[in-house]
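Asker: For reference, the chains in residue letters:
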Amino acid sequence: MIRVQGVSKTYGKKGVRAVDNLNFDIADGKITGFIGPNGAGKTTTLKIITGILEPDEGSVQIDGIDMAKDPIGAKRRFGFVADSPDSFLRLKGIEYLQFCASIYGVDTAAQQEKIRSLAERFDMQNALQDRLSTYSHGMRQKIMVMGALIHDPNVWILDEPLTGLDPKAAFELKEMMREHAASGKSVFFSTHVLEVAEKLCDQVIIIDHGRVIFLGTLDMLRAQFPNEESLEAIFLELIKHA
Amino acid sequence: MRNWLLLTKVLMKTGANGLSSGIGGTSKKRSPAVTVLLYVIIGLCLIPYITMAFGLGRSLTQVTVMAGQPARPVLETILFMGSIMTLVFGISYILTTFFLGNDLETLLPLPLTGGQIVLAKLTVVYVYEVLTNAMLILPILVGHGIGAGWGVGSWILGIVVFLLMPVVPLAVAGILSTLLMYALRNVASRSMITTVSTILLLVVVMLFSSVGGMFGGVSGAEGSEAAADAMIPGLSALSRYSRLYPLLGPMAAAVDGPDLLSLLITLAVCAAAVVLFLLVAQAFFVKTVLSMKDTGAKGKAMTAEETGRALRRDSALKACAKKEWRMLYRSPQFFLNTALLPLIWPVFLLLPAVVTMIMDPQDNLITLIRETLPYWDLSDAMPIVILVVCGATIFGASTSFVSGTSMSREGANYIFMKCIPVRYRTQLTAKLLVGTILTVVATTGYSLIVLLFLLAAGLPPVTILFAVLVSLALNVICNCFSMMIDLLMPKLHWENEQMAVKQNFVPILEMLLVLVIGGGLCFLYALFSLILGFDALLVTAIFTVVMIAAAAGIYALAMAYGEKRLTALEE
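Taken in order, these protein sequences are the chains called A and B.
Quick note, the first sequence lines up with residues 3 to 244 if you use this note's numbering.
Quick note, the second sequence lines up with residues 61 to 631 if you use this note's numbering.
Because the hints were derived from the structure by calculation, they are not lab data.
Predicted, not measured: the structure shown is a model, and the values here were computed from it.
Keep in mind that the hints are not guaranteed to be accurate.
DEER-style ranges, computed between Cβ atoms [to be verified]:
no.: 1; chain 1: B; residue 1: Arg62; chain 2: A; residue 2: Pro39; range: 51 to 61 Å
no.: 2; chain 1: A; residue 1: Gly31; chain 2: B; residue 2: Leu191; range: 30 to 40 Å
no.: 3; chain 1: B; residue 1: Ile418; chain 2: A; residue 2: Ser138; range: 31 to 41 Å
no.: 4; chain 1: B; residue 1: Ala328; chain 2: A; residue 2: Asp88; range: 18 to 28 Å
no.: 5; chain 1: A; residue 1: His194; chain 2: B; residue 2: Glu365; range: 42 to 52 Å
no.: 6; chain 1: B; residue 1: Lys358; chain 2: A; residue 2: Asp88; range: 13 to 23 Å
no.: 7; chain 1: B; residue 1: Pro171; chain 2: A; residue 2: Ala225; range: 47 to 57 Å
no.: 8; chain 1: B; residue 1: Leu515; chain 2: A; residue 2: Glu122; range: 34 to 44 Å
no.: 9; chain 1: B; residue 1: Val256; chain 2: A; residue 2: Ser138; range: 39 to 49 Å
Listed next, the in silico DSSO-like pairs over lysine-lysine satisfying Cα-Cα at most 30 Å (straight line) [said to hold, decoys possible]:
no.: 10; chain 1: A; residue 1: Lys176; chain 2: B; residue 2: Lys73
no.: 11; chain 1: A; residue 1: Lys116; chain 2: A; residue 2: Lys170
no.: 12; chain 1: B; residue 1: Lys358; chain 2: A; residue 2: Lys71
no.: 13; chain 1: B; residue 1: Lys358; chain 2: B; residue 2: Lys73
no.: 14; chain 1: A; residue 1: Lys71; chain 2: A; residue 2: Lys187
no.: 15; chain 1: A; residue 1: Lys170; chain 2: B; residue 2: Lys73
no.: 16; chain 1: B; residue 1: Lys360; chain 2: A; residue 2: Lys32
no.: 17; chain 1: A; residue 1: Lys116; chain 2: A; residue 2: Lys242
no.: 18; chain 1: B; residue 1: Lys358; chain 2: B; residue 2: Lys378
no.: 19; chain 1: A; residue 1: Lys32; chain 2: A; residue 2: Lys170
no.: 20; chain 1: A; residue 1: Lys176; chain 2: B; residue 2: Lys360
no.: 21; chain 1: A; residue 1: Lys71; chain 2: B; residue 2: Lys478
no.: 22; chain 1: A; residue 1: Lys116; chain 2: B; residue 2: Lys73
no.: 23; chain 1: B; residue 1: Lys478; chain 2: B; residue 2: Lys360
We put the beta carbon where it would ideally sit given N, CA and C, even for glycine.
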């Protein structure tokens with residue numbers, strides 16, 4: 003699980019408050035969607051949770067391990083897919099996965115089994131010995147997801163994971179997210195696509211101007227706006243009054 | 061014209077901030093004491109370089125003038141050094157900028173001609189070469205101007221000539237690069253032919269210099285150059301090389317006069333070179349770029365055997381080092397601009413020897429060594445050998461920018477370093493390992509070959525042991541120092557790979573600092589072993605221990621500083 007307590011972050015000398023006193027838990031066994039308009043603070047929040055940024059105030063715990071006190075221990079607990087898959091383009095797919103497996107301490111036998119299984123699910127068997135620079139955007143996204151999941155982490159943190167994926171890969175990833183949550187582990191992902199959140203998420207966190215403006219299930223959200231027909235209309239109404 | 065200016069402006073902006081990205085707000089917390097200390101060290105180290113370069117230009121000129129000789133050969137030599145340096149540095153820069161930039165995919169669909177694109181790119185390269193020359197050559201030129209007692213006219217024309225100096229070498233590099241890439245465009249992948257072309261062109265340039273220098277020597281060993289050589293050994297040899305490049309005469313005459321007609325000739329030649337370059341570029345650039353192919357995908361499933369070979373659990377350090385090495389050598393922009401020079405510099409040294417051996421089988425360096433070898437007495441040569449090995453190590457390490465750009469090369473990917481469960485210390489050590497192994501091969505390795513040859517000629521084995529240990533320690537010191545400077549001022553925001561390593565002045569700064577610090581260490585050793593005449597074995601043993609201790613100390617400092625910097629680095 004992920005616990006975010008009183009997290010705030012200010013950028014630059016002018017003091018732009020990117021996130022402001024965030025408090026939420028991402029419970030095990032659930033898929034949690036992270037929604038918000040551009041510049042709302044989603045990526046900053048994800049970067050704080052993953053240890054890329056240090057909060058000015060507050061704390062983050064991954065499976066009970068405090069990121070500030072034991073960053074290596076906390077980082078072992080999650081798999082993270084960043085918003086841009088254009089990394090490590092000079093490596094071959096298999097080399098990237100072997101690198102990820104090694105830094106997460108996956109032993110040789112488990113590496114082979116896990117890579118075989120992930121490659122099959124994402125239809126990447128024929129691409130593993132090619133360099134990432136020859137991949138399409140979607141294939142790069144797939145290999146990043148595979149690298150993040152290779153150590154079978156308890157917590158999945160995914161920043162716009164479905165962007166660029168073909169329908170089959172998107173379906174597979176959504177299925178994997180459901181399976182992961184069903185096995186009692188947690189999935190936390192950001193998205194702009196409200197339909198995805200509607201179909202996939204057990205709960206959503208809506209953020210705007212660096213503050214959480216809604217946290218709960220979609221049914222709870224609809225109950226707050228009984229006159230709005232679609233999730234899109236509810237979302238627009240919510241951020242208008244934020 | 062308007063499109064060229066607009067495009068140049070955009071390309072300049074996207075590659076700007078070479079020195080400022082690390083200073084301009086990427087970090088949340090700084091360690092003020094260490095940061096200030098590093099800036100102070102940088103400042104202190106640059107002063108000696110500028111002073112030395114300035115002093116070299118002035119004293120060389122003054123000695124020549126005192127000998128009753130004209131100062132112009134010195135000026136020609138300085139201009140030749142600047143031109144050849146521009147050509148050598150410019151070849152890899154031009155090849156990677158013209159043919160490997162990610163911006164090509166954005167630029168080619170725009171309503172721009174091939175000529176406009178390459179002219180804008182050439183302008184960007186020109187600006188960076190001028191700035192590089194300003195750091196390396198300008199102090200020597202200013203020293204010469206003061207030594208020669210230039211008047212106002214010479215100073216003004218001197219600035220104009222300094223600005224014109226890189227034009228022809230860059231145009232030549234551009235023409236050669238474009239033609240070679242056009243010829244090889246269907247042979248292999250874009251990355252492969254860029255690497256091969258760069259090495260090929262560098263060897264051709266050095267070979268041309270060697271052969272031309274020999275021919276120049278036949279006719280040039282008389283008159284004022286011979287007289288100058290009597291006073292300053294080697295000056296006429298350098299001046300003879302300058303015969304390869306006919307524009308040196310008008311350039312030097314323009315400043316020396318000062319002579320406006322010579323300046324006009326220089327301007328006309330530069331303009332003609334650019335026009336010729338544009339004609340070649342217009343004819344071949346777009347054709348070349350459009351027909352080059354990237355590394356192709358195999359699209360084949362791996363066999364169980366292949367997978368078995370590829371997959372094994374590595375330690376975090378080994379995994380990070382392997383990743384670092386692969387990312388370095390597979391990127392021509394990175395490899396050619398950071399690692400190539402230290403690896404091939406012995407070729408540049410050997411080429412003239414090989415050429416003289418072929419051209420003059422009776423009277424050359426190899427023959428001389430063979431004939432005099434039985435008479436060599438190397439039993440007391442320890443200080444000289446150690447100094448030569450130190451000099452070679454420092455020179456080789458200073459031309460390697462692998463550790464010194466290791467953080468900048470990460471670019472936006474540096475966030476990956478922050479979210480993986482590997483200590484920053486381990487990741488930095490992996491970077492340092494790759495850079496240090498490369499310079500060790502290029503310095504200690506090459507030195508060892510010569511030392512083993514000298515062992516056969518009677519050099520005491522203990523000298524080799526000390527030389528190797530000192531060389532290894534110096535490599536660690538130079539690489540740690542370069543990495544710390546890069547960590548202090550990393551260039552993390554770039555749009556294509558060459559911006560991280562070329563449109564970035566930090567590596568040049570690192571090179572100067574390494575030369576100055578290394579030069580200082582060599583001086584200390586020479587002071588005690590040669591000038592003050594202490595026991596050579598004792599001084600060498602102490603020097604070796606001090607160097608090893610210094611290497612351990614600076615490694616610890618680099619790691620501590622690196623951890624702080626990585627923690628503090630933010631968007």
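Asker: Under the constraints set out in the numbered hints, which ones does this structure not fulfil?
Answerer: Numbers 1, 2, 3, 4, 8, 9, 10, 12, 13, 15, 16, 17, 22 and 23, in rising order.
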